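The primary structure of each chain is shown beneath.
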Amino acid sequence: MNKTTNINLGGLFFHIDEDAYIKLRNYLEAIKRSFTSSEGSDEIIADIEARIAELFSEKIKNERQVIGVSEVDEVITIMGQPEDYLVDDEIFEDEPKRKSSSSSSSQASSTQRKAGKKLFRDPDDKYIGGVSSGLGHYLGVDALWIRLLWVFLVVAGVGSGILIYILLWILVPEATTTSQKLAMKGEPVNISNIEKKVREGFTEVSEKVKNVDYKKVGNRVKSSSRTFFDFLGDTMGVLLNVIAKFIGIIIILCAAGVIIGLFIGLFTFGSTGLIEGPWSYYIEVHNATGIPVWAVSVMAFFAIGIPFFFLFLLGLKILVNNLKSIGNTAKYVLLALWILAVIGLTALGIKQATEQAFTASSTEMRKLPSPVSDTLWFRAESYDSWDDRYYHDRFDIVMKDDSRKLYLEAVRINFKASEDSTGTVKILKSAESSSYDKAREKASGIAYDYAMKNNTLYFHDYLLTDYANKYRNQEVKITVALPTGTVIYLDPSIQRKLGSDHANNMRYATYDMANHFWKIGKNELICLDCETEEIPDEDMKEEPHDNDRIRIDSEGIDIDIKDENGENFKMKIDREGIQIKAGTKKDTVI
Amino acid sequence: MNIENTKAQMRKGVLEYCILSILRDKDKYASEILETLKDAKMLVVEGTIYPLLTRLKNAGLLNYRWEESTSGPPRKYYTLTDTGKLFLNELSSTWEELHNAVTIVTSQKTSDNE
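Quick note, the sequences are listed as chains A and B, same order. Under full-length UniProt numbering, the first residue of the first sequence is numbered 1, with each subsequent residue one higher. Under full-length UniProt numbering, the first residue of the second sequence is numbered 1, with each subsequent residue one higher.
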């Protein structure tokens, strides 16, 4: 069953099947388009319509018979495809030129037809939607290469090729009518053709100029100048077109790149929580919002992707004249999605930020066995089971006692002198969260320990906390208070964990303090074995003199010191030997 | 070189001459012209003729008048103008010359081959 339409064709009345009607209408439009700019096109169309009507009326037996697709097909076979009309036009191209009235218009029409190549999907040569073959026609490349490119895009672009394909499938119209198929297969829009066109224009103009003398001058000049300006206009048009297409290509490439990147992102980072990946713990543990990461990723995808999608459309629109619109509904839906995504992301961002609003700590004090021995050795101990660790990095996930823990290396050790003769170890754990109570809870959730064997203290160089506590800037700060005079040795293993709260007499950077013996002084640590020229003692408190010189380098040792009493000490050790001079100023012998 | 294309071009090159010849003695409407041309296998598809008729008319070689028809809407009857007649005469002699020339050239070629 099918609907019918009544039409008036060449003054005759017909019942026509809806499908047949669409076919006939497309056919007539195609023909009309091939005549649009030639002289008397309306008349030609009217004649053709009259003839078609005549053919129809021959075919139908009575008034009530409906014209179907088969009748239309037959008529089209008799009348010929639009390209038959075109060939005719080209053959007689020379002829109307002689009659100057129609010369420029027919010329323009033939140029227009050549330039008007359009992007369509090719239904006659398709695997899926005919996008590849259509692109092939448009670019003048074999569809096979385009198909290979798709395969590559799908493999390399983690499926983003599929999205682009579907987009093109939706946006690019299918070539259903003959004229569309012709427009699809017209000369490819490429540089060599543009060049050819420009050259054609040149020869034409120059020939016309040459011919001026031989022909009727007045008429010729008029028409040639007209062609010249036509040509000038055409050239400008072609140039602008090329520039526009170039910009279009750049826009498309940029937008497609971003969209492909987003897609890859969505399917790798974004799938956290849906698919386990090596990155998933890392993201999950930083996520304060409680919203699954994949949801955040989808929002980010929309927030960034949608504007670029529109940019992509814009580029396509510049490049392809006959692009289908995606429709207003689709546009509004995308706009709404984008606004929602941006709002969602903003809210999440605020929430994430407030997660760090409060810092709280919990303190643990432990006494060292009394009396504190003269010399204490400090070492750091790393996490014992390397295999249990996930990333093998400073930020890690470990499995301990069958539960997942967060592993951090935010541990600092400082030293100071104690008030009395006891030694204490203060462990300060701190964390951040959206409220003080929560932060406190997270701080006390930090597991940290040290061990003492004989005279050696083993400090963990890491802290652990439950995975569920997530990463909230958890830190451990240890302060070891020891009676003055206690000697400590800082093992190189602890080097990276030394804090900077304690001063040392050598003005060493904390990093350099390892591998030395230090005595706990009242205000600072005093190095016992640092290889230096001078170790300031409690009983040596004079100010150094401006002229004093102590130099130790590859050339040797050069010391020159004076005190307030004029006492003078000079020592020089170099290749020449050793020279020592001491005494008051007067006694000095140089 | 496409043989079909060449054939079509040859046919179409003399189409104007044929159309004018058909109208030499009697005014005819499009379908009648078409009939004659198709019987003589001068035309493969009908569509070709319409732009051509319009072009000939615009060139002042043809004219047409509307005539009522018993079986349908009025028909366009084409007729040769005076210019058209002159044009036809000229074409006729050209065609004769051309025909002779082509015959001479092609038969010479065959004799050369023998």
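Please note that a few of the clues may not be correct.
As the list claims (entries may be wrong) - Here are some of the chain A residues that sit facing chain B, going by a computed Cβ distance under 8 Å:
{"no.": "1", "residue": "I44"}
{"no.": "2", "residue": "E441"}
{"no.": "3", "residue": "Y450"}
Stated by the list, open to error - Here are the simulated BS3-like pairs of lysine-lysine, each with C-alpha atoms no more than 30 Å apart in a straight line:
{"no.": "4", "chain 1": "B", "residue 1": "K7", "chain 2": "A", "residue 2": "K185"}
{"no.": "5", "chain 1": "A", "residue 1": "K522", "chain 2": "A", "residue 2": "K367"}
{"no.": "6", "chain 1": "B", "residue 1": "K12", "chain 2": "A", "residue 2": "K562"}
{"no.": "7", "chain 1": "A", "residue 1": "K367", "chain 2": "A", "residue 2": "K400"}
{"no.": "8", "chain 1": "A", "residue 1": "K470", "chain 2": "B", "residue 2": "K76"}
{"no.": "9", "chain 1": "A", "residue 1": "K59", "chain 2": "B", "residue 2": "K76"}
{"no.": "10", "chain 1": "A", "residue 1": "K126", "chain 2": "A", "residue 2": "K59"}
Unchecked claim - To be clear about the criterion: a stretch of chain A counts as covered by chain B if any three or more of its residues have a C-beta under 8 Å from a C-beta of chain B, and this derived list gives those stretches:
{"no.": "11", "region": "45-54"}
{"no.": "12", "region": "237-249"}
Calculated directly from the structure, the hints in this document are not laboratory data. Predicted, not measured: the structure shown is a model, and the values here were computed from it. Where a beta carbon is used, it is the ideal one built from N, C-alpha and C, also for glycine.
Results of checking the hints against the structure:
no.: 1; hint: I44; verdict: 5 Å, holds
no.: 2; hint: E441; verdict: 86 Å, violated
no.: 3; hint: Y450; verdict: 93 Å, violated
no.: 4; hint: B/K7 / A/K185; verdict: 23 Å, holds
no.: 5; hint: A/K522 / A/K367; verdict: 20 Å, holds
no.: 6; hint: B/K12 / A/K562; verdict: 121 Å, violated
no.: 7; hint: A/K367 / A/K400; verdict: 28 Å, holds
no.: 8; hint: A/K470 / B/K76; verdict: 90 Å, violated
no.: 9; hint: A/K59 / B/K76; verdict: 21 Å, holds
no.: 10; hint: A/K126 / A/K59; verdict: 35 Å, violated
no.: 11; hint: 45-54; verdict: holds (count 6)
no.: 12; hint: 237-249; verdict: violated (count 0)
Taken one by one, the earlier hints fail for this structure at numbers 2, 3, 6, 8, 10 and 12, listed in ascending order.
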